[in-house]
Amino acid sequence: MNIFVCVKQVPDTETKVVPNADGSFIETSSIKWIMNPYDEFAVEQALLIKQANAAANVTVIRVGSVKDTEALRTAMAMGADDGILVEAGDNLDSFSIAKALKGAIDKSGKKADLFLAGKQAIDDDCLQVPQILAQMLDMPSVAVVVGFELNGTTIKAKREIEGGALEVYEINGPCMIACNKGLNTPRYASLPGIMKAKKKPMAQHSLADVGVSDADRRVKYSGFRLPPEKPAGKKFDATDAAKQKEVVAQVVGLLRTEAKII
Amino acid sequence: MDFALSQEQKDIQELALKFARNEMIPHAQEMDDKGIFPHDIFKKAWELGLTNTCIPAEYGGTGFSSLDGVIISEALAYGCMGMNTSFMANDLALLPIVIGGTDEQKKKFLTPFTTDFRIASFCLTEPGNGSDAGGLKTSLKDGGDHWILNGEKMWITNAGHAHLFVVYATIDPALKHKGICAIVVDPKTAGIELGKKEDKMGHRSSDTRGVRFNNVKVPKENMLGGVGEGWAIAMKTLDHSRPLVASSALGGSWRALDLSVIYSKERIQFGVPIAKHQAVQFMIAEMAMKVEASRLLVYKAAWMCDQHQKNTEVASYAKAFAADSCMQITTDAVQIYGGYGYSKEYPVEKLMRDAKLIQIYEGTSQIQRLVIAREVLR
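In the order they appear, the protein sequences are chains A and B.
Quick note: the first sequence uses this note's numbering, first residue 10, plus one each step.
Quick note: the second sequence uses this note's numbering, first residue 791, plus one each step.
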């Protein structure tokens, strides 16, 4: 059984993100990268399946810069068998990433039985790659998954819907599962795991190798800037009953003229 | 010369810090308050390979260098100096076996620590002998096919939970250092009596007790090195373990610095964050300098160990400097937090209590200076 886990590397949650000098992307030189936290649930789920099926092989795959390969190394230290890195800038759009992932999976020559990914990346929050990739692979996909069971070739996936209710899907054969928090508790990479990870195979491709070019871009970023700083709030004193009418009129007036929300 | 950590060391540090943040810090205050031994956290750290770093690979260990060991210990102490004392005590007790044991002894005593979660204690100090460890009174008598152990040990870390003791005893107190032997003792042997858990100022989650030996029979083959070689083994152990203990002080200092930086940017006085006031800036600058200087000394002392260079002097620099700095830094952290710092609601008063012990155990700051002076004036 071949399991592919798509992982993304995102800035550490404590990073102070700033636009780069020309505003074309964020400044990445001083960022500490981590594996996207939702992807950790996907890696853990793959490893749980591997624990129950000794024959299962877990491949982690990532599209992104080669400068730091934190996410792939972490996944392999946790227990994934091998890795694939498609070298690319960190600001590709979802469609290009999905196409690059598909290209790399095809190139691996492995028959894929299951795809796992985090439901979204916490940096750009696009929530698109798993679904686009599933479409390209022509297979079913279930997103925001919080429960997973595998019986033979049948997968039972539970996903969260509005109001806290759950939808339960039964899927036969290969599919894409986009994982959410609550699915499992990701393990730590152990120290022996960290040592072993260095010896695990990692294939590396360029975007051209996997058939992706600039023409595949569907979204172009026109500029990055920080949101304007929030001005201090205004306080109105309405404790004096006699003045309340006047204060209310003042507030309503400002909401109309200044905030322009009514 | 290269001050950079290898990618592998960065990964190890990353894991240890993640463990400290997720598994230790959330429980540190409560376990300290109630004096709860961190059994489950210790076990989890063991499962990840974060403890017993001194066990060589051929006996099932991770085969880490001393430098790797201090990088891990520094990060775990960042989580809690008290819990890290429990973890480190294992290395302190296993090191004499690594240093003075035969191949057979290493297989017998070290390997079980790699296959199962086990706890060990180093039994050197006695009620009447702390800094003057060479004057110990615990006696070892030849009982024919076994040794007979009698005496009392004090301040023994992990004693209440240990699966193995390494005990220092003398065949004749008149021989002073030359009569001292190191011997592995099973804590379940008849005649061993544990004292009550000490109610300490800091490191309250670590288990510290007296241990009494009343005609305890110990197999002959449990002696490390020969008769009278115990003192040399103990001294070599300290050369390895002092950088480790110093790294614990370093981890505590680092945490106090981080907390002080965060708090001083949040706390507003006179209309600005207190970090804008020069008086606070000076304290923070002093902390940052001392953390970095401690780190350089600790890493160098461990690195010398790995290079098989005699590190006694530098290990004492590291131990004294890191411990004294930790005391100063944690005291200033309480100062920066002001009234809140003195309250148990905030994490810095615990750091200050924990720091004090590191100036005392494993050779007081004064003993370190004696060692340094002896080497410098040689």
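Read the hints as simulated data drawn from the structure, not as lab findings.
One or more hints might be untrue.
What the hints assert, rightly or not - In silico SDA-like pairs for lysine to any residue, Cα to Cα no more than 20 Å straight-line:
1. LYS834(B) - GLU23(A)
2. LYS1055(B) - ASN193(A)
3. LYS41(A) - ALA794(B)
4. LYS25(A) - ALA1065(B)
5. LYS800(B) - THR24(A)
6. LYS167(A) - LYS41(A)
7. LYS41(A) - GLU804(B)
8. LYS41(A) - GLU1056(B)
9. LYS205(A) - LYS1055(B)
10. LYS25(A) - LYS834(B)
task: Go through the numbered hints given earlier and state which of them the structure violates, listing their numbers in rising order.
output: Numbers 1, 2, 6, 8, 9 and 10, in rising order.
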